[in-house]
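2 protein chains.
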Amino acid sequence: MTTSDTRLKDAVRRYLETVNSNVPEAMVQLYRSDARVEDPVGSGKLLVGHEDIRAFYENAFAVPLTVQLETEPRGSFGDAAAYAFRVTRGTTTLKVIGVLTFDEQGLITTMRAFYGPSDITTA
Amino acid sequence: MTTSDTRLKDAVRRYLETVNSNVPEAMVQLYRSDARVEDPVGSGKLLVGHEDIRAFYENAFAVPLTVQLETEPRGSFGDAAAYAFRVTRGTTTLKVIGVLTFDEQGLITTMRAFYGPSDITTA
Numbered sequence: 001m002t003t004s005d006t007r008l009k010d011a012v013r014r015y016l017e018t019v020n021s022n023v024p025e026a027m028v029q030l031y032r033s034d035a036r037v038e039d040p041v042g043s044g045k046l047l048v049g050h051e052d053i054r055a056f057y058e059n060a061f062a063v064p065l066t067v068q069l070e071t072e073p074r075g076s077f078g079d080a081a082a083y084a085f086r087v088t089r090g091t092t093t094l095k096v097i098g099v100l101t102f103d104e105q106g107l108i109t110t111m112r113a114f115y116g117p118s119d120i121t122t123a
Numbered sequence: 001m002t003t004s005d006t007r008l009k010d011a012v013r014r015y016l017e018t019v020n021s022n023v024p025e026a027m028v029q030l031y032r033s034d035a036r037v038e039d040p041v042g043s044g045k046l047l048v049g050h051e052d053i054r055a056f057y058e059n060a061f062a063v064p065l066t067v068q069l070e071t072e073p074r075g076s077f078g079d080a081a082a083y084a085f086r087v088t089r090g091t092t093t094l095k096v097i098g099v100l101t102f103d104e105q106g107l108i109t110t111m112r113a114f115y116g117p118s119d120i121t122t123a
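Going down the list, the protein sequences come from chains A and B.
Going by this note's numbering, the first residue of the first sequence is number 1, and it counts up by one from there.
Going by this note's numbering, the first residue of the second sequence is number 1, and it counts up by one from there.
Some hints could be false.
Identical chains share a label here; the pair holds if one copy fits it or two copies do between them.
As the list claims (entries may be wrong) - Straight-line C-alpha distance at most 25 Å; calculated SDA-like pairs for lysine to any residue:
#, residue 1, residue 2
1, Lys-9, Pro-117
2, Lys-9, Thr-88
3, Lys-45, Ala-26
4, Lys-9, Glu-70
5, Lys-9, Val-63
6, Lys-45, Ala-123
7, Lys-9, Ala-62
8, Lys-45, Thr-6
9, Lys-45, Ser-4
10, Lys-9, Gln-29
11, Lys-9, Val-87
12, Lys-9, Asp-39
13, Lys-9, Phe-61
14, Lys-45, Thr-109
15, Lys-45, Glu-58
16, Lys-9, Thr-121
17, Lys-45, Thr-110
18, Lys-9, Ala-26
Don't read these hints as lab results, they were simulated from the structure.
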């Protein structure tokens with residue numbers, strides 16, 4: 001993996017901007033064809049590949065949502081980046097930490113979203 | 001894994017308080033005997049077991065350090081929790097996201113620290 005630390009963080013920001021577009025197909029294009037998604041972590045549901053990922057975002061964007069970073073993203077000495085953010089979707093707020101890994105072309109190979117029941121609040 | 005979401009976050013806070021004690025043996029006792037540590041992620045160095053972990057913290061605490069949360073920790077629907085924090089060690093600051101997993105007794109089974117070169121600043 002040759003992507004530098006700063007490029008990893010740029011990729012996180014691009015990812016979150018794309019989430020804010022609420023366009024499922026734009027999300028799918030960020031992922032490698034064999035990418036794996038675990039959202040939320042511990043749910044026991046592992047998504048694999050573009051078809052699963054498209055269905056996931058179609059469902060997620062059925063109600064418009066926005067995401068916003070809470071802190072600067074963190075890089076790594078490898079292919080991973082991590083970032084604390086909030087999701088606002090209707091009257092619901094999620095506090096999440098995401099971890100993305102990327103291939104050498106900058107495509108996402110894995111996405112994991114850490115949040116639990118106590119990170120979900122509804123106004 | 002029966003540990004609830006809130007218990008996971010409490011365990012993160014206890015872990016960070018123990019880091020602030022700067023006592024290597026106190027850290028070792030938080031980990032299961034076969035625990036794995038990757039700090040930083042992508043370094044290619046995977047620590048396994050109490051002996052590796054003790055040596056890691058003895059080295060880390062050779063210069064006193066303090067840690068402080070940047071955001072509320074995140075739980076999960078499984079055995080994992082994630083948290084954004086800062087490490088201050090002498091004139092150096094690290095911005096890190098940590099991910100811990102726990103066994104049913106509350107012992108740490110894995111610790112991963114996400115930070116890269118651009119997350120390290122020296123005054």
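Structure-based check of all given hints:
1. For a Cα distance limit of 25 Å, the shortest separation of Lys-9 from Pro-117 across copies, 12 Å, qualifies, whereas the shortest one inside one copy, 28 Å, does not.
2. For a Cα distance limit of 25 Å, the shortest separation of Lys-9 from Thr-88 qualifies both inside one copy, at 22 Å, and across copies, at 22 Å.
3. Only within a single protomer do Lys-45 and Ala-26 lie at most 25 Å apart by alpha-carbon distance; the minimum there is 22 Å, versus 36 Å between protomers.
4. Proximity of Lys-9 and Glu-70 under a CA criterion of 25 Å is satisfied in both settings, with 14 Å inside one chain copy and 18 Å between copies.
5. Taking identical chains as interchangeable, the C-alpha atoms of Lys-9 and Val-63 are never at most 25 Å apart, the minima being 27 Å within one chain and 29 Å between chains.
6. In this assembly of identical chains, the alpha carbons of Lys-45 and Ala-123 never lie at most 25 Å apart, being 27 Å within a copy and 44 Å across copies at closest.
7. Proximity of Lys-9 and Ala-62 under a CA criterion of 25 Å is satisfied in neither setting, with 28 Å inside one chain copy and 30 Å between copies.
8. Taking the shortest Cα distances, Lys-45 and Thr-6 sit within 25 Å of each other only across copies (22 Å), while inside one copy they are farther apart (31 Å).
9. With identical chains, the CA atoms of Lys-45 and Ser-4 are at most 25 Å apart between copies only, with a shortest distance of 19 Å across copies and 31 Å within one.
10. Taking the closest pair of Cα atoms, Lys-9 and Gln-29 come within 25 Å of each other only inside a single copy of the chain (18 Å); across copies the shortest separation is 34 Å, beyond that limit.
11. Taking the shortest Cα distances, Lys-9 and Val-87 sit within 25 Å of each other both inside one copy (19 Å) and across copies (19 Å).
12. In this homomeric assembly, Lys-9 and Asp-39 come within 25 Å of each other (Cα to Cα) both inside a single copy, at 20 Å, and across copies, at 18 Å.
13. Proximity of Lys-9 to Phe-61 under the C-alpha cut-off of 25 Å is restricted to the intra-copy arrangement: shortest distance 24 Å within a copy versus 29 Å between copies.
14. In this assembly of identical chains, Lys-45 and Thr-109 lie within 25 Å of each other by CA distance both inside one copy and across copies; the values are 16 Å within and 21 Å between.
15. Proximity of Lys-45 to Glu-58 under the C-alpha cut-off of 25 Å is restricted to the intra-copy arrangement: shortest distance 16 Å within a copy versus 39 Å between copies.
16. With identical chains, the CA atoms of Lys-9 and Thr-121 are at most 25 Å apart between copies only, with a shortest distance of 16 Å across copies and 28 Å within one.
17. When the C-alpha separation of Lys-45 and Thr-110 is checked against a cutoff of 25 Å, the pair qualifies both within a copy, at 14 Å, and between copies, at 21 Å.
18. Taking CA atoms no more than 25 Å apart as the test, Lys-9 paired with Ala-26 passes inside one copy only; the shortest distance there is 19 Å, against 34 Å between copies.
Violation of the numbered hints given earlier is confined to hints 5, 6 and 7; the remaining hints are satisfied by the structure.
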